[in-house]
Structures are given as C-alpha cells and as structure tokens.
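Chemist: Please model the complete structure; the sequences and the hints are all you need to start from.
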Amino acid sequence: MNYINSDLKVVGTRPVRPDGVDKVTGRAVFSADTRASGMLWGKILRSPHAHARIVSIDTSKAEALKGVYAVITSADFPNIASEEAFVGEGPMNFRDLSCNIMARGKVLYEGHALAAVAAVTPAVAEQALALIAVQYDVLPHVIDVDDAMKDGAPVLHDDMFTAGVNPKPTKASNIAKVVTFKKGDIDAGFAEAEVIFEDSYTTKPVHQAYIEPHACLANYNADGQVTIHASSQGHFMVRAYTAKLLGLDMANIRVNPAEIGGGFGGKTLIYLEPVAVALSRKAGKPVKMQMSREDVFRGSGPTSGASVTVKLGAKKDGTIVAAQQVLKFQAGAFAGSPIGPGCMCGFAMYDIPNVDVLGYDVVSNRPKVAAYRAPGAPISSFAVECAVDDLARKLGMDPLVLREKNAVVNGSKTHYGVSHTNIGFTQVLAATRAHPHWKAPLAEGHGRGLAVGFWFNIGGESSATVHINEDGTVMVATGSPDIGGSRASMGMMTAEVLGVPVSKVRTIVADTASIGFTFLTGGSRVTFATGMAVTQAAEKVVEQLKARAAQTWDIPVDAVEWQDGKAVPAGTNAGAFEPLDLAAIAAKQGRTGGPINAEVSVNAQGAGAGFGAHICDVAVDKETGKVEIVRYTAIQDVGKAIHPSYVEGQIQGGAVQGIGWALSEEYIYNDKGQMDNPGFLDYRCPVASDLPMIEAVLVEVPNPRHPFGARGVGEVPIVPPMAAISNAIKGAIGLRMPDLPMSPPKVRAAIDAAG
Amino acid sequence: MSKSHVTTTINGEAAEFLCETQQTMLDVLRDVVGLTGSKEGCASGDCGACSILVDGTLVCSCLMLGVEAEGKSITTIEGIAQGDQLHPIQQKFLEHAALQCGFCTPGLIVATKALLDENPNPTEIEARYWLAGNLCRCTGYDKVIRAVMDAAAVMRGETV
Amino acid sequence: MPKVVLASGSASLALTGGVTEFEVEATNFRRLILELEKCFPGLGTQVEESMAVAIDGEIYQDAYGAVLRPGSEIVLIPKIGGG
Ligand code: FES
Ligand code: FES
Numbered sequence: 008m009n010y011i012n013s014d015l016k017v018v019g020t021r022p023v024r025p026d027g028v029d030k031v032t033g034r035a036v037f038s039a040d041t042r043a044s045g046m047l048w049g050k051i052l053r054s055p056h057a058h059a060r061i062v063s064i065d066t067s068k069a070e071a072l073k074g075v076y077a078v079i080t081s082a083d084f085p086n087i088a089s090e091e092a093f094v095g096e097g098p099m100n101f102r103d104l105s106c107n108i109m110a111r112g113k114v115l116y117e118g119h120a121l122a123a124v125a126a127v128t129p130a131v132a133e134q135a136l137a138l139i140a141v142q143y144d145v146l147p148h149v150i151d152v153d154d155a156m157k158d159g160a161p162v163l164h165d166d167m168f169t170a171g172v173n174p175k176p177t178k179a180s181n182i183a184k185v186v187t188f189k190k191g192d193i194d195a196g197f198a199e200a201e202v203i204f205e206d207s208y209t210t211k212p213v214h215q216a217y218i219e220p221h222a223c224l225a226n227y228n229a230d231g232q233v234t235i236h237a238s239s240q241g242h243f244m245v246r247a248y249t250a251k252l253l254g255l256d257m258a259n260i261r262v263n264p265a266e267i268g269g270g271f272g273g274k275t276l277i278y279l280e281p282v283a284v285a286l287s288r289k290a291g292k293p294v295k296m297q298m299s300r301e302d303v304f305r306g307s308g309p310t311s312g313a314s315v316t317v318k319l320g321a322k323k324d325g326t327i328v329a330a331q332q333v334l335k336f337q338a339g340a341f342a343g344s345p346i347g348p349g350c351m352c353g354f355a356m357y358d359i360p361n362v363d364v365l366g367y368d369v370v371s372n373r374p375k376v377a378a379y380r381a382p383g384a385p386i387s388s389f390a391v392e393c394a395v396d397d398l399a400r401k402l403g404m405d406p407l408v409l410r411e412k413n414a415v416v417n418g419s420k421t422h423y424g425v426s427h428t429n430i431g432f433t434q435v436l437a438a439t440r441a442h443p444h445w446k447a448p449l450a451e452g453h454g455r456g457l458a459v460g461f462w463f464n465i466g467g468e469s470s471a472t473v474h475i476n477e478d479g480t481v482m483v484a485t486g487s488p489d490i491g492g493s494r495a496s497m498g499m500m501t502a503e504v505l506g507v508p509v510s511k512v513r514t515i516v517a518d519t520a521s522i523g524f525t526f527l528t529g530g531s532r533v534t535f536a537t538g539m540a541v542t543q544a545a546e547k548v549v550e551q552l553k554a555r556a557a558q559t560w561d562i563p564v565d566a567v568e569w570q571d572g573k574a575v576p577a578g579t580n581a582g583a584f585e586p587l588d589l590a591a592i593a594a595k596q597g598r599t600g601g602p603i604n605a606e607v608s609v610n611a612q613g614a615g616a617g618f619g620a621h622i623c624d625v626a627v628d629k630e631t632g633k634v635e636i637v638r639y640t641a642i643q644d645v646g647k648a649i650h651p652s653y654v655e656g657q658i659q660g661g662a663v664q665g666i667g668w669a670l671s672e673e674y675i676y677n678d679k680g681q682m683d684n685p686g687f688l689d690y691r692c693p694v695a696s697d698l699p700m701i702e703a704v705l706v707e708v709p710n711p712r713h714p715f716g717a718r719g720v721g722e723v724p725i726v727p728p729m730a731a732i733s734n735a736i737k738g739a740i741g742l743r744m745p746d747l748p749m750s751p752p753k754v755r756a757a758i759d760a761a762g
Numbered sequence: 042m043s044k045s046h047v048t049t050t051i052n053g054e055a056a057e058f059l060c061e062t063q064q065t066m067l068d069v070l071r072d073v074v075g076l077t078g079s080k081e082g083c084a085s086g087d088c089g090a091c092s093i094l095v096d097g098t099l100v101c102s103c104l105m106l107g108v109e110a111e112g113k114s115i116t117t118i119e120g121i122a123q124g125d126q127l128h129p130i131q132q133k134f135l136e137h138a139a140l141q142c143g144f145c146t147p148g149l150i151v152a153t154k155a156l157l158d159e160n161p162n163p164t165e166i167e168a169r170y171w172l173a174g175n176l177c178r179c180t181g182y183d184k185v186i187r188a189v190m191d192a193a194a195v196m197r198g199e200t201v
Numbered sequence: 018m019p020k021v022v023l024a025s026g027s028a029s030l031a032l033t034g035g036v037t038e039f040e041v042e043a044t045n046f047r048r049l050i051l052e053l054e055k056c057f058p059g060l061g062t063q064v065e066e067s068m069a070v071a072i073d074g075e076i077y078q079d080a081y082g083a084v085l086r087p088g089s090e091i092v093l094i095p096k097i098g099g100g
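Protein chains in written order, with this note's numbering: chain Y, 8 to 762; chain S, 42 to 201; chain Z, 18 to 100.
Keep in mind that a hint or two might mislead.
So the derived label-pair ranges between C-beta atoms look like this [unchecked claim]: (1) Z:D79 with Y:V416: 27 to 33 Å; (2) Y:A140 with S:T48: 40 to 46 Å; (3) Y:S521 with S:A173: 38 to 44 Å; (4) Y:A137 with Z:N45: 55 to 61 Å; (5) Y:V145 with Z:R86: 57 to 63 Å; (6) Z:F39 with Y:T480: 53 to 59 Å; (7) Y:G231 with Z:T37: 48 to 54 Å; (8) Y:R440 with Z:T37: 38 to 44 Å; (9) Y:H442 with S:T200: 26 to 32 Å.
Since the hints were made in silico from the structure, they are not lab data.
Beta carbons are placed, not taken as given, at the ideal position from N, Cα and C, and that holds for glycine.
Modeler: Shown next as structure tokens:
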C-alpha cells in the first residue's frame, strides 16, 4: 500500500525515541560496556613503520609472561584466496581484508596490525606487546597520491597491475584501477564553449571520527560456537566477514548488536572481531578488545584524500556544454577507494551534453580507507562546485542562476548512463531561492557561498518482524543497527499502519540468530529499505487482524475494514458489529488461530536519489586566517520525513562534519610516514564553540517507491559544505582556497601571497 | 602490585573500591565499580565522553586517577536522574532529539549539569564555549544547544 | 531486444573487446547476466560481483528478477554502497 497522500497521524510527528531514556541515563549498552565471566583483554601490536618487510616475529617472551593466555599473528589465520566482497565503500577483496586486520609478510602503513595478545588485564596485555620481538626490513614508503603514481615510486603490491587499461600493464604499480565515464564528444563540447574555466583541487583524508572507538567481546566455545558482542553498522556483516576470515560456518557465529556510538561508514567493515575470536579460541576464554583513539586514527579507515582537476566550458548565456574531471583517490594500503561514485557524483547535478571523467584508484602507505558518508561524492563535488562558482564569476552570473540553468530534472541522463527519476532537485533550488538566508544582506567583510550536492542512496536486503502481544501492544524487530533513531522511525511506520499510538509499539534490533539477513546500516538505506519491510510486515498483520475479526463476527474477510486501529464492518451490508480494536483481537488470538505476527524480507529497489543545497556565510580574520561560520542553512529533499527531528539531525550533523573537513580536519604525516596527529587535540573536529545553529530545511518530494515517500537522508548533507565554504571565503576575501583543509595557516598564507 | 583502598562517595552513596595506583577514575568507574555510563572516547581529555563531577567540579575522569577520589563526592551520569524522575536536562535532550548515537550524551549531560549549577542563565555563546570540551560527531550541536538552553529555562522556572 | 550500454568501467570494455553497445536476448536481469557471460566470458561474473545496472534509468542492485522490456536500455555501472 501507499500512504503518500494519506492523512498521517504518527509519521511526520516527533515522539521521544524508544531507546532515549537508556541513552540519557547512561544505561544503554555500547560495545565496550559488557563483560563476560573469565574474560581476558586483547590488545594489538601495530607497526611503527609505514612500509616494511616482516623478517621475523618472536612471541616467545610474550607467551612466557604470567597472565598471558594467547599470542597470535597472521599464522593463526587461514591464508585465504583473493575474492571480491562488497563492503560499504565498494568491492573489497577478502584477502586484503584479512591482511589488513593482521599483516602477512609486509606491513603497509604505520598502525598496521601484526600481532595480538590476550591477557588477564589490559596492563599485562600491554606488557606482553612490548615483549614481542619483530625484525623489520624497512622499505621506502609513499604517502601522497600524486607521488604514489609516479614512475619509480615504492610499489606496495608487486602483484598490482592496473585494471581498466588495455592492454593490461606488465609492470606492477600503485594504480589499482582506472575508471572512465564519457558522454557526448568532449572535444566538440569545448570547441563550442565560449568561456572555459579550469582549476586543480586537493583534499586530505579525514576520519569518520565516531566518538565510540571500535570494541568487541568474543567467545569461542569448545564446541566451535562463537558469540560476538560488538557495535557495527551491520551485525550480519560482522558475522559474514568473521566467518570468511577464520573459515568458520556462519551458523556457528552469533553476533549481538551493541548500541553503536557513531559509524558514518567507518563501521561497515571489521578490524577486531576475527582477532578477538582467534584469541579466544587459542586462550579458551572470552576476549574483550577495544581500540584506543590512537588505534582508531592509525589503524582504521579514514576516507580518501585526493587530487582533482576540473575543466568546464560554457556558452555566454551560462549553458554548460562541456565538463571534464580527473580524480586521483588514495585508497590507503589496499585497493578500493570510492573512485567509482566519485566519478559519478561530481557532475550528477548538471545536465551537460559532453562529459569526460577519468578516475584513478591509488594505493599508498596509509590505512585502508573505509566508507565515509556518501563515499567519494564530497571530494568530487568540492572540486566541481568550486569550479562552477568560479565559472559563474567568469560569466558574470549569479551562482544560483547558473546552477538553476544547468540543473538536472526528471529524465535528465547523466554521464554514467542513468536517467534521473523522481528527483526533487528543482524543488530544492526553488527552496534555496526562496529562503531568507539567500536574500539576507551580507555584513561588511562577510562572504556567502552556495554549493549543491547529490547522493544515490541505496535499497537492498532487509528483514523485519511485527508481533502482536497478548495485550494488544506491538513488538517490531529488524536487523538494522540503530545508528541515529531508526528504532523510532520503524516504530512510527508500524504504528501508522496499525492505527495505534506509537507508545504501544516497541522496536528492537534483533541479533543474527533471531531475524533474517539484513544488509548494513549504510548508504542511507534503513528508513527506505528496512522501513519498507516493516511497513509490509505491519500490513500483513492488519490482514490477519481483519481475518480474526471476520471470524469473530462470522462474516467474510472482505467485509471487514481496518480503520484507526479497529476492525469495522465494511458498510451496512456486512452487518452491525461493534468495532474490535487491536487489544480485543489480540486477547483472543489464541482462539482465532494462534499468535498474530508477520515477518517480511525484501530486497528493496528504487531508493530515490537525494539532492541538497547549502548556503554559508563566513567571516575571515585576516590576521590569523581563521574562518568563522556565521550562518549556515542546509536545504534538502528528504522525500518524506518520518521523524523530522532525526532527519534534521542527520542534515545538521552531516553539514558539521563537512565543516570540519573544510576547515580543520586532516591526517598529518611526518617524513617517516607516521601520523603526527592521532588524537582529538590535534585532529581537530568541530566543537560547539566553532559553530552557529545549523538550519535544516526539509523539502519533501515523495519517493513513490517507498510506502511513505521516504528517501535516504544521511549522506547528501556532507557533500556541499566544503565547496560552500570555499565559495564563501572567495566572496569574503576574493581568494580561491582550492586545498583542504582551509585552515588558518593556509588562509593566512594565501592572504600574504596575494599581498 | 598491591592495590590502594579508596573511600569515597559515588552518586550520593558511600563507596569503597580497590584500584591500582595508575588506574584512571574512568577505568575504575567502568571496570571496578561497574558504572559504564561514563564513556571512553579518547582517554586523553579531548572528547568529554567521560565527564563526571568531583565535588561539583566538571572533570574528565580519564585524566583523574582512581586514588584521587579518596574523600571526594563523585557524580556520574548514573546519578543525574532521581530514581525514575529524569533530570530536566535529560528530559530536554530527549524532547529536542539532542542525541543520535547517544555515545557523547552522558558526558554532555554531566557537563551541562555543571554549567547550569554554576550559571543558571547562560547565553548561547557561553553554553557553546562551556561545552566545547564535549565532542559530538553526530548532531552538529544544534539540537544539543537548544536542549541546554531550554533545560536552563525550565530549571529557572520560566517554562516547563 | 534490450540494449546494453557500457557507459563505464574500461575493465568491462577489455572483456567486450571495446564494444560499447550491443543487444541481448533477455527478459530479466538474471538471464542478462547469463547471456553476457556467454557472449563475453568474464563479463557476466564481473557484473554479478561488482556492478549494478540501470534499467531504463533506474538503478538495480542484486535483483535477478528485475524485468527487461524489449526496448529497455541497460547501463552497467559500478555498484553503489554508502557510508
Ligand atoms: S575519554 Fe576522557 S576526555 Fe575523552
Ligand atoms: S550523538 Fe553521537 S556523538 Fe553525539
């Protein structure tokens, strides 16, 4: 059924979330909050070198230390074959994943795990790590993406031959893959152009910086049964990858989803779980592991840093006729940066006849990148949206008018071949034009920037069950970890379909043994795909409720209707019966055929793409180079906001992560290839005093493929901020800042250079 | 290594524990006392997830030793609500949806309590600077600040 | 017959010998994969493992049952994940 034009009672309201009280009282159980009887503490030894051959690892002294129960290295893991898996970011190779969690033969970045211990206390485990003797043959390293592509750069993998070029290269290199997208005739396009703008941009790797470090508690039983308690963006993912990396049967692994303290894509793959299981197997006791913040920075995935060039050609009237982009993305130590989506997203907002995009996936001696909100798109869009802004200046056009003129509409065909369907970009641009912020006069010395952004959003596999309790209250279970309020939205959709108050519905996240397979919480898919499963399960329950009422009244099922949480006879012909509410039917469910419940699994297709536009005002302190965000407005098509507060929260949080990416966050390396700022003091995430209120404007263009019209929300908002801010800085001081982060020293240097 | 015996008050109740001299108060709370509401986000005083009150003063428990609790009065997130009566700060965090993942929330609530105990009528700027030691990666702080300002108004008796 | 367009992935082009557009006899996505594998060995597997398709403009991932109409345009693109 479709409720898009229905009168909604619950969906669109703002109830308190069901897991809220636990979270404001400190009772919510996150990954690191559990213990097991007889538990040991696991710790990981990490490489101090950016690139080295492991000559030998001597663990004997560590093993001999009192209180140490197990020491493991890659020798304790099966040497698995190369096999592609699809992780949050894109295809990842299981052999790489295995080598990433425990180095085999070589360490490829500072922080690369190469041994682990389990001991009675964290302190003893630390001592044991210090007793592991590793002999390294240190190799030359390469950090920067452009350097890694040069001839003669240190090669990380001698079996890496660039994919996507014909003929296949005979020499190994750090370029894992080349991707191209072409539309029309790029040369003809530029020949036709009257105004051409071209520039180069760089971005730094930034970490998802979820406040909860990775942690898990694993137990390997004598009979081979494994339980894992861990926070992740997908406990089915944890089960699958752990099984794969250790050669175990999935049926022998049960993963309990802990509350997750943020992920943003960074918890769509695993680091600790197989290590903890292997330690537990060896020690014969449960093992708890938790990363320190330093481990998180050095050993888990940031997103790619990149170097990008953009060339745009337009007619004098502002029609963009040619667009070219070259993107070089750092993948970290193993192949698999978000280069594909990076190549697709930059120009996805514009209807351009001639497009040419070339992307490189490049390895270097850095931690393997992990997905981060709209992987690839923010980097690509930063470059494109800065270029579009400068093109507008060159044309003497208003930047919003230029975007309106070239914006995609339904039916526009992108350069990657997909035609946009059911999009709300036009409405987003109209809301931008109409917003008071866009019209507000600018204070002296301030600058205003605008940028737009796009993300696909995905659907995929989800399972949900709805159970009617004996007293008429309702249980909903799904397989989607709740990373930002999905229990609330799932409960609300169920309540809407059943016609009961949301307070009568409780939602849980079920473990891997208790519900059908559910893909990751990622790609902005949960409200869409899991929401679809939940809605369908609730509808099946309604069918049963009607049947039970029909039985009670002894009339045909089609003579019963479900209205406002009650079964009523359909018209006067059906008979005159007092309505039966959910509680009344539930009380008799035993007598009318047994428990009432439904489970639905879907592979949801048709996730509507999302578009956003951000307006940002800045003030630049010319003495210090510090950029202050004075006002910020984020406008986005959200389809339908199920719980508007959490939708706004996603947009505000995404925008602020983008502000950090723009102004202050970066991995800083020394000449040994070691990260110099692996802590929150020097890796500077935005704090409350850095920011104004972030106004989130919800545009609702329903996605017809979702029962309530929802589309993914969480990723789009990180796409526009970097360019919006760079454009605002240009407005304020007349200088283009093409390199992220636009930190005070860089801004100051640019001001000085300009005289 | 012999352990130290510490006598203290935690959330209004007399408490005793044994800890190693180098153990932080955060580790003591989480691993010895069993109060896991205070979180470790960094263990270096940079994220505020471990915030507690020591004799009413806001402290990062990861920067304090367990032995320093001797004779002090400690308040953790578990001590903010009165029984099943949520504190107005907690209530306003819920109403304003000022949490997404909720991992920073205990620290933010404790820090807000310290702010409002000291300054019942903060400006938005004062609240933002006071809470600058509490990282939240999910919310962008907008709803957090709204919740804090609203809780302050409730505690002053201006609204409900 | 539905038409397949390789808008992307030079990796796929290596398998088709540079052919960017061709027609395939198939009425659903699964049949399409099987036919691709038959025409260009390796391509079906590649599509199955690491690619998504856009059928008449709409993106489908992992959906064997997705219906192809006689005039459908099928574009092969990289699979899309997310954060
Ligand atoms: S854990 Fe204490 S400040 Fe971060
Ligand atoms: S709600 Fe997730 S860090 Fe604040």
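Chemist: Hint by hint, note whether the structure agrees.
Modeler: Right, here's what the structure says about each hint:
D79 (chain Z) and V416 (chain Y) have their C-beta atoms about 29 Å apart, which keeps the hinted 27 to 33 Å range intact. At about 44 Å, the beta-carbon gap between A140 (chain Y) and T48 (chain S) stays in the expected band of 40 to 46 Å. A hinted range of 38 to 44 Å for the beta carbons of S521 (chain Y) and A173 (chain S) is consistent with their spacing of about 42 Å. In this structure the hint that A137 (chain Y) and N45 (chain Z) lie 55 to 61 Å apart at CB holds, the actual value being about 59 Å.
V145 (chain Y) and R86 (chain Z) have their C-beta atoms about 60 Å apart, which keeps the hinted 57 to 63 Å range intact. Between F39 (chain Z) and T480 (chain Y) the C-beta distance comes to about 57 Å, which sits within the given range of 53 to 59 Å. Distance hint check for G231 (chain Y) and T37 (chain Z): the Cβ-Cβ separation is about 50 Å, which falls inside the suggested range of 48 to 54 Å. Evaluation of the 38 to 44 Å hint for R440 (chain Y) and T37 (chain Z) yields a pass: the beta carbon distance comes to about 39 Å.
Hint check: H442 (chain Y) to T200 (chain S), Cβ distance near 29 Å, so the stated range 26 to 32 Å holds.
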